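Protein chains: 4
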Amino acid sequence: MSFEHEVHVGWGDCDPAAVAYTARIPSFALQAMDAWWEHQGLGGWYGLNVDHNIGTPFVKMNIDFRVPVTPRHRLICSVRPNMLGQTSVGFHVDGHQDGTLCFEGDFVSVFVVADRFEKRTPPPDIRAIVERELDEGLRNGAAAAG
Amino acid sequence: MSFEHEVHVGWGDCDPAAVAYTARIPSFALQAMDAWWEHQGLGGWYGLNVDHNIGTPFVKMNIDFRVPVTPRHRLICSVRPNMLGQTSVGFHVDGHQDGTLCFEGDFVSVFVVADRFEKRTPPPDIRAIVERELDEGLRNGAAAAG
Amino acid sequence: MSFEHEVHVGWGDCDPAAVAYTARIPSFALQAMDAWWEHQGLGGWYGLNVDHNIGTPFVKMNIDFRVPVTPRHRLICSVRPNMLGQTSVGFHVDGHQDGTLCFEGDFVSVFVVADRFEKRTPPPDIRAIVERELDEGLRNGAAAAG
Amino acid sequence: MSFEHEVHVGWGDCDPAAVAYTARIPSFALQAMDAWWEHQGLGGWYGLNVDHNIGTPFVKMNIDFRVPVTPRHRLICSVRPNMLGQTSVGFHVDGHQDGTLCFEGDFVSVFVVADRFEKRTPPPDIRAIVERELDEGLRNGAAAAG
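Residue numbers (our numbering), protein chains in the order written: chain A, 1 to 146; chain B, 147 to 292; chain C, 293 to 438; chain D, 439 to 584.
Treat the hints with care, as some may be off.
As the list claims (entries may be wrong) - If you want a taste of the chain B side facing chain A, the calculated C-beta under 8 Å gives, among others: (1) Gly156; (2) Trp157; (3) Gly158; (4) Cys160; (5) Ser173; (6) Leu176; (7) Asp180; (8) Ala181; (9) His185; (10) Gly187; (11) Trp191; (12) Val196; (13) Phe204; (14) Pro214; (15) Pro217.
Stated by the list, open to error - Partner residues aside, some chain C positions facing chain B, computed with beta carbon under 8 Å: (16) Tyr338; (17) Gly339; (18) Asn345; (19) Pro349; (20) Lys352; (21) Ile355; (22) Pro416.
If you are wondering where the hints come from, they were derived from the structure by calculation, not from laboratory data. Owing to the predicted nature of the structure, the values given are computational and were not obtained by experimental measurement. For every residue, glycine included, the Cβ atom is placed at its ideal position computed from N, Cα and C.
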């Protein structure tokens, strides 16, 4: 089961085509990942940065847009980590409305010392959290590969 | 009891001062008013416009910023109408975090025929909804005045 | 002559009513004030904060919306300070498109020590800049009053 | 020579890490593509939709983030079409600050009848514009392939 983050899509998210403006989608996906980190008890990116001096700047974002998002239904964003490197972490996010997949994307971040913007390995507790939440198939695959 | 709309404030709402950027506050207040219209069963501004051809463009916005908003707590926005004219409606919105008032504002909109952008009176059912939700003191005051 | 900041209004600024979404207007006005501080050689709010440890959080924002903003024309935002207190500064911003006034607003900020969020008086060079740019009538009025 | 769109990055674009928030990058790239369509004399996405009933919803967005974007310099976004199918068009956008590549991305849209959201081929004049602006190497490659 992935973590789910609910977005209340509104009028202000929509463009004159009466659907959520394209740039809102990566913003929703990022909100969902921020909420994922909060759900893990780390205070979201805000807590990671301000309290733990850990930043996770993005290096890559690939999104497929399937069906327009509208204010007719809540947008349910599912988030799960799908990659964990020495100093990087990847997430898959998909967004559903009323049971229909609207978009999905893959995102890669690196861990940095926030106040120096230098790459670092994540501390053991954060590595453990990501490993625990990694898609089970991936984890098994990783084990098989290792 | 006012209608309450909860905002999940995140990293992306904050500026380098590590508090929600000023321009996010009117945006949160507007989201809360949009949610108020949704809560009344009218589908929010989206439903009003797309389904009922009614627009409510703003003519005035006055906001006092009391205390910075942060991602540490959810932001609870309370919304209640505080004025109903022939073709206009006013709302008061205040935002609390962890029991502290962070901002409050007053907003005035006019009713328009959405596809012609012409001022109009609201239909009776919408007028009835706003009257019902008008702050009781105001409603009594209005009655006394009338 | 006020400082003018040009905004390239686009599709993504508009809502399904095909005009700039209400929440974009305070955002445009804030961009224009940020650009004003940059134009004074202070690096905008970013430079003020990061280089000079000075913040200018807002305490009040009053906006009148006159005519919808659209992508048909550039939006010209005129900015001028209209108040200077011991620890506060006020700005008037108006926005024109194709010669028509679309909105105008008044904004009040306080000066703070950025990293402690404590009220402070502005340093003399910043006070001098604001005084020089204060609307001449206001400056004369202030002199007469003083 | 690609079309260049200049973005005035400001305080409100930045997050507490004091760099432009990740979600601002796709937004800047989209603004640049919107400006590209405006530069071609088509009124941007707004004109395409409102005046020509042509929409160009996105189906794919791939962005690599190289170096953080800050308010220290203007962001120069270069835009050029890099693909033209029967009913689709692709763009490459890269963003530079002070001569350094900050991000680059590829974007694919489809042409639709705006008010029915149905896929369509672009009209000949729009096809001609995109063909003219297609990267010359690509155009030659396409000719060789054809």
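Hint check results:
1. The interface hint given for Gly156(B) holds, since its Cβ lies 5 Å from the closest Cβ of chain A, which is under the 8 Å cut-off.
2. Hint status for Trp157(B) relative to chain A: holds, with the closest Cβ pair at about 4 Å, below 8 Å.
3. For Gly158(B), the interface hint holds, the least distance from its beta-carbon to any beta-carbon of chain A being 6 Å, beneath 8 Å.
4. Interface hint at Cys160(B): satisfied, since its Cβ lies 7 Å from the closest Cβ of chain A, which is below the 8 Å cut-off.
5. Hint status for Ser173(B) relative to chain A: holds, with the closest Cβ pair at about 7 Å, below 8 Å.
6. The interface hint given for Leu176(B) holds, since its Cβ lies 6 Å from the closest Cβ of chain A, which is under the 8 Å cut-off.
7. With its C-beta approaching chain A no nearer than about 5 Å, Asp180(B) sits inside the 8 Å limit, and its interface hint holds.
8. A least Cβ separation of about 7 Å between Ala181(B) and chain A falls short of the 8 Å threshold, and the interface hint therefore holds.
9. Because the closest C-beta pair between His185(B) and chain A is about 11 Å apart, greater than 8 Å, the hint is violated.
10. Taking 8 Å as the C-beta cut-off, the interface hint given for Gly187(B) is violated, the closest approach to chain A being about 14 Å.
11. With its C-beta approaching chain A no nearer than about 4 Å, Trp191(B) sits inside the 8 Å limit, and its interface hint holds.
12. Taking 8 Å as the C-beta contact cut-off toward chain A, the hint placing Val196(B) at the interface holds, the least distance being around 6 Å.
13. A least Cβ separation of about 12 Å between Phe204(B) and chain A goes past the 8 Å threshold, and the interface hint is therefore violated.
14. Here the hint on Pro214(B) is broken, as its CB sits about 13 Å from the closest CB of chain A, past 8 Å.
15. A cut of 8 Å between beta carbons decides the hint on Pro217(B): the least distance to chain A is about 4 Å, and the hint holds.
16. The closest approach between the C-beta of Tyr338(C) and any C-beta of chain B is roughly 7 Å, which is under the 8 Å cut-off, so the hint is satisfied.
17. Annotation: interface hint on Gly339(C) violated; nearest CB of chain B at approximately 11 Å, more than 8 Å.
18. Taking 8 Å as the C-beta contact cut-off toward chain B, the hint placing Asn345(C) at the interface is violated, the least distance being around 11 Å.
19. At its closest, the beta carbon of Pro349(C) sits 7 Å from a beta carbon of chain B; the interface hint therefore holds under the 8 Å criterion.
20. The interface hint given for Lys352(C) is met, as the beta carbon of that residue sits about 6 Å from the closest beta carbon of chain B, less than 8 Å.
21. Given the 8 Å rule on beta carbons, the hint for Ile355(C) holds: about 5 Å separates it from the nearest Cβ of chain B.
22. Hint status for Pro416(C): violated, given a least beta-carbon distance of 23 Å to chain B, over 8 Å.
Of the numbered hints given earlier, the model fails hints 9, 10, 13, 14, 17, 18 and 22; all others are met.
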